[in-house]
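Q: These protein sequence lines map, in sequence, to chains Z and W. So for the first sequence, my numbering puts the first residue at 1; every next one is plus one. So for the second sequence, my numbering puts the first residue at 1001; every next one is plus one.
Misleading hints may appear alongside valid ones.
Unchecked claim - Computed list of lysine-lysine pairs in DSSO-like fashion (alpha-carbon distance at most 27 Å, straight line):
| hint | chain 1 | residue 1 | chain 2 | residue 2 |
| --- | --- | --- | --- | --- |
| 1 | W | Lys1157 | Z | Lys153 |
| 2 | Z | Lys116 | Z | Lys74 |
| 3 | Z | Lys123 | Z | Lys74 |
| 4 | Z | Lys153 | W | Lys1162 |
| 5 | Z | Lys151 | Z | Lys116 |
| 6 | Z | Lys23 | Z | Lys124 |
| 7 | W | Lys1121 | Z | Lys116 |
| 8 | Z | Lys59 | Z | Lys99 |
| 9 | Z | Lys99 | Z | Lys35 |
| 10 | Z | Lys123 | Z | Lys151 |
| 11 | Z | Lys41 | Z | Lys23 |
| 12 | Z | Lys153 | W | Lys1121 |
| 13 | W | Lys1121 | Z | Lys99 |
| 14 | Z | Lys39 | Z | Lys116 |
| 15 | Z | Lys23 | Z | Lys35 |
| 16 | W | Lys1157 | Z | Lys151 |
| 17 | Z | Lys22 | Z | Lys99 |
| 18 | Z | Lys74 | Z | Lys99 |
To be verified - Listed below are several chain Z residues computed to face chain W (Cβ distance under 10 Å; list not exhaustive):
| hint | residue |
| --- | --- |
| 19 | His12 |
| 20 | Tyr28 |
| 21 | Ala44 |
| 22 | Pro52 |
| 23 | Ile53 |
| 24 | Leu57 |
| 25 | Lys59 |
| 26 | Gly61 |
| 27 | Trp125 |
| 28 | Gly143 |
| 29 | Ile144 |
| 30 | Gly150 |
| 31 | Gln156 |
| 32 | Leu157 |
Bear in mind the hints are in silico, worked out from the structure with no lab data behind them. Computed from a predicted structure; not experimentally measured. Backbone N, C-alpha and C fix where the C-beta goes; we use that ideal spot for every residue, glycine too.
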Amino acid sequence: MDNCFYNALAVHGPAADVATFKKQAVGYDPEMTTKERRKVKPCALNFHSLVPIPDRLLKAGDPTGQHWEDWEAKHWGVAGGALFEHKAAGVLCIVEEGKPNVLWYSFDTFGRPPIKFLKQVSKKWPTLLFLLHYQEEGAIRIGIAKVKAGKAKHYQL
Amino acid sequence: MSKQRNTLIAKNNNCCHNYLWVNNAEGEELERFEKAASDCSPRMTFRGKPRQKSCSPGTHMILFPTSHHVLRAEYDFIEVFWETEHWARKKGAPAKTDPLKGLREMMGETFPYYWFDTPAKPPMAFLRNVSKALPTVDFVLTYHHENHCVLGVAKAKAGRIKRHEIHYAEVNHYSKEVSCG
């Protein structure tokens, strides 16, 4: 079984772009029904809201979940996006008072850190800079990454 | 001297935000770490005895005396030397900054982290020393120096440190407002 990764992500940029990003990042897992969505709050960092799973895949349905997972692994680098159902704290989004140029997210992923996802997102948001710190459970793999306009600098210990 | 120090601390917004994760620590080791970390700073002692009956409960780390302590203490060259030698820094923690402790749950396991600020630099020498003292524990330090636009990570075990830093000066033009505490 894949290990869990804890991620802390900082999003830097012009205040207006940071605010728009924050709004756009919110959303629900596309698998959730309308009824299910009524019961829970939307996720603050929903991968599908930023790099959407194509309509053709969603419409085709995926009872085993394999096709969607394959697509997610290919385009996000991690299947399942930011995990929140497993965690007590969930996905957190923090905005520090008086700092409209920065957003902080705290979330978990399975198997690896979401570098590929951030590359995709940063292509769409070229004015934003993404700084990621991650650590695998048990501190096996730890790293930092800087992602901007589709390019990533990544160091792993 | 104390007045000068207050001014220094008040003006000091050149801070480094740190997260220290304590991984793979058994109960006893964690207790040892916390006990060592909540000790009084040597600046708080006089002829080997604490100047006060107890340290502030908010002072989790020996290297981070609370601002209350810092402001009361007299400055002394030997203590500064000790601090520089052991903590790789001096002058205590910036005003208003007490370390915070949190618990992180991951896959059903809980492990602690400490969140604190240090002036100017991440506490690398402290990391080396504490990991020597508790050689089976993995310490992971993430630090973020906003003024210098540096994000770093360090892993310490048994006195050995691996470390990487990323510089991101490109955000300077829209992230100039930086404060500490």
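Q: Just pull the numbers of the violated hints for me, sorted ascending.
A: Result: hints 7, 8, 9, 14, 16, 18, 20, 21, 22, 23, 24, 25, 26, 27 and 30 break, sorted rising.
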